[in-house]
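Taken in sequence, the protein lines are chains A and B.
The first sequence begins at 14 in this note's numbering and counts up by one.
The second sequence begins at 17 in this note's numbering and counts up by one.
In case anyone wonders, no lab produced these hints; they're calculated from the structure.
Incorrect hints may appear among the rest.
A few chain B residues that face chain A, going by a derived Cβ cut-off under 8 Å, partial list only [to be verified]:
#1 LEU151
#2 LYS265
#3 THR266
#4 PRO273
#5 SER287
#6 PHE289
#7 SER309
#8 THR320
Just a sample of chain A residues kept apart from chain B, beta carbon distances all over 12 Å, derived [claimed, not checked]:
#9 ARG19
#10 ARG41
#11 VAL73
#12 HIS163
Note that beta-carbon positions come from the ideal geometry of N, C-alpha and C, so glycine has one too.
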Amino acid sequence: MNEAIRMQVSAFVDGELPDNEADLLVRRLSQDSDLRRQVAEYLAIGRIMRGEYSAQGSDVLRERIAAELDERPLQEPADAAVSDQAPRYVRPVAGVAIAATVALVAIFGLGQVADVEDAIPGVAVVSDEAVSETVPTMKDDELRRYMILHGSELNSFSTRVTSLQIRAEELAEEAAAEDPETEDEADETAPVTSQP
Amino acid sequence: MLTHMDTNKAAACLVFCGFFSAAVVLADDAVTPQDWIDRMGNAVQVTNYKGTVVRVRDGKVDTFKVVHTVKDGIVREKVVIQDGNGLEIIRNGNEVHCILPDRESVLVEEWNNQSTLFSTLPSSDIRFGSEYDLLIKDFERVAGRKAAKLAILPHDNYRYGYRIWLDTETGFPLQTQLIGDDNSPLEHVKFADISIQQDILSSALDSSYSTDTWKWYAEPRQTIKREVESDWISDQVPPGFRLVSTQQKTLPDAEDPVTHMIYSDGLVTVSVFIAQVAGKKKAGRSSVGASNSYSTVIDEYRVTAVGQVPQITVEQIAKSMRQSQ
């Protein structure tokens, strides 16, 4: 997602994007699922970072994209595995792929994730912009796995519980993504039995 | 199993017997901070309890219902998360079931070590130098019980401090705080109510759900790990940190093994993960709760440090790693 798109999205959410540009943005997003995913992540992380769990502008954008796609308005699915604290539009728009990112942030609260260039000395400022750019490229699964591995070596109540929460969220994502007809093809965690 | 328990008790004792430079501020002369810590080390291993735990972190409050018993060396625990998706964690010895009621699913995991769920502090059986001071600060009431308030004060900014409230009757930790640079709590874990050493029915440790017909999952491929010698070293880790373990692990979703090195100052641990990467990779940092990570690329390897320590600590450790050859 380039800077221009990001600025347009921000302006849209703030209600400051001219109508003609808003129409173009919605059309473009409705035609590009990958860009939709990036925008959803951008908005989700930005909102969580700022502690905003319900941004009207984001909801409007979601609904307009849904309308453009000629779909029913997307509501939080009853069986969504995403935490209540995750923005409710995220799952329907972005699908399972984003759930991992949101779950990671939601579980840990106001987590921050950012990439920094090695060449930058000292501690770089973590900004929404940096987060938006880097979360999709940050290997969340890898970092998450490291967090779990680190937690498994510890005795801390909080860390242990958090590790299990992460794993449970993974399971929820996998279960949600699992097509009953292709159950055997689930590659991450295979159901082993229906009985204990 | 008894061997494990004995080992744990010894480890818990060693943790707190060696590396604090103790100083008594306010206390009965006959009871030193070390005595309190020794009592805690034992109490977390043998105490049966049930209660409500509240965790405050990043302004977010989580509540857990906790039941814990030890019988014949077998730890049984039940933790029910009261918020969100109502996750239940049932532990019976080494086997842990994560129960997701809204998914009607159960994830089976194995815990490789014998640590108890509520041990308050990371433990290690390695003695190091004095990186902290240990003080008895006061006596207060927590969850309706009289508690001794202890403070663990770091000597520098490479680690966090702790406050611990220990039940005066049993030594069990009723409340803990992780303290940041500005002396404010980064994480607060507290029993809102607790029953200690009460007869706890076995049924209290069972799942709240009938899960027989639910889907059960297990890790298809366990993380394979083994102790190894590594040519990765660091001679610029923060004061007091030493390498305590080097393992090579093969993760379920990765072909190449990752080297997992654990550094500890005796109280906290920092994990360093080293994995070969292809192509250009950026460095990155993240913080989750009070834990921080820093990832950088050295030669053809991504080096990621993770730990419940300040950002500068993981960053310094990650950046200081190098191959000895």
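Against the structure, the hints come out as follows:
no.: 1; hint: LEU151; result: violated, 21 Å
no.: 2; hint: LYS265; result: holds, 7 Å
no.: 3; hint: THR266; result: violated, 12 Å
no.: 4; hint: PRO273; result: violated, 12 Å
no.: 5; hint: SER287; result: holds, 4 Å
no.: 6; hint: PHE289; result: holds, 5 Å
no.: 7; hint: SER309; result: holds, 7 Å
no.: 8; hint: THR320; result: holds, 6 Å
no.: 9; hint: ARG19; result: holds, 18 Å
no.: 10; hint: ARG41; result: holds, 27 Å
no.: 11; hint: VAL73; result: holds, 27 Å
no.: 12; hint: HIS163; result: violated, 4 Å
Going through the hint list in order, the structure does not satisfy hints 1, 3, 4, 12.
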